[in-house]
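Enquirer: FYI, this note's numbering numbers position 14 of the sequence shown as 14, with every residue one higher than the one before it.
Note that these hints are calculated values from the structure, not bench results. Among the hints, a few may not be true.
[Unchecked claim] Here are the simulated distance ranges between beta carbons: (1) S2 <-> G46: 25 to 33 Å; (2) F49 <-> A12: 24 to 32 Å; (3) N34 <-> M1: 13 to 21 Å; (4) G46 <-> D4: 24 to 32 Å; (5) D4 <-> W50: 13 to 21 Å; (6) E5 <-> L28: 13 to 21 Å; (7) R3 <-> L28: 28 to 36 Å; (8) E47 <-> T21: 24 to 32 Å; (9) S2 <-> G25: 15 to 23 Å.
Nothing here was measured: the structure is a model prediction, and the numbers come from that model. The beta-carbon is built from N, C-alpha and C at its ideal position, and this holds for glycine as well.
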Amino acid sequence: MSRDEIIRALEANVDRAVRITYVDGEALSVTVINLDGEGFVHTVEGEFFWATFEDVSEVELEGKSPPT
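Work out the full structure: start from the sequences and follow the hints.
Expert: Below you can see the structure in the form of structure tokens.
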């Protein structure tokens, strides 16, 4: 996904669970809290984290697989 696609997907899913795949291949289920100009705040199991948009390679709705 492009940076703009990642931002749009995150913006559309604030306060919702999504599956984030990071550029290193790690995938996590997170809840998006908010976005700023450089990245986004999300929670994982009740802990808060911030990541840059460039750290992410894909955003999926929780429970859905990407198209093949």
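Enquirer: So, for every hint listed, does it hold in this structure?
Expert: Hint check:
1. S2 <-> G46: 25 to 33 Å: 31 Å, holds
2. F49 <-> A12: 24 to 32 Å: 20 Å, violated
3. N34 <-> M1: 13 to 21 Å: Holds - the Cβ-Cβ distance for N34 and M1, about 20 Å, lies within 13 to 21 Å.
4. G46 <-> D4: 24 to 32 Å: The hinted range 24 to 32 Å holds for G46 and D4, with Cβ atoms some 30 Å apart.
5. D4 <-> W50: 13 to 21 Å: Because 20 Å falls inside the window, the suggested range holds.
6. E5 <-> L28: 13 to 21 Å: 19 Å, holds
7. R3 <-> L28: 28 to 36 Å: Cβ of R3 to Cβ of L28: about 19 Å, so the range 28 to 36 Å is violated.
8. E47 <-> T21: 24 to 32 Å: 19 Å, violated
9. S2 <-> G25: 15 to 23 Å: With Cβ atoms ~19 Å apart, the hint holds.
Violation of the numbered hints given earlier is confined to hints 2, 7 and 8; the remaining hints are satisfied by the structure.
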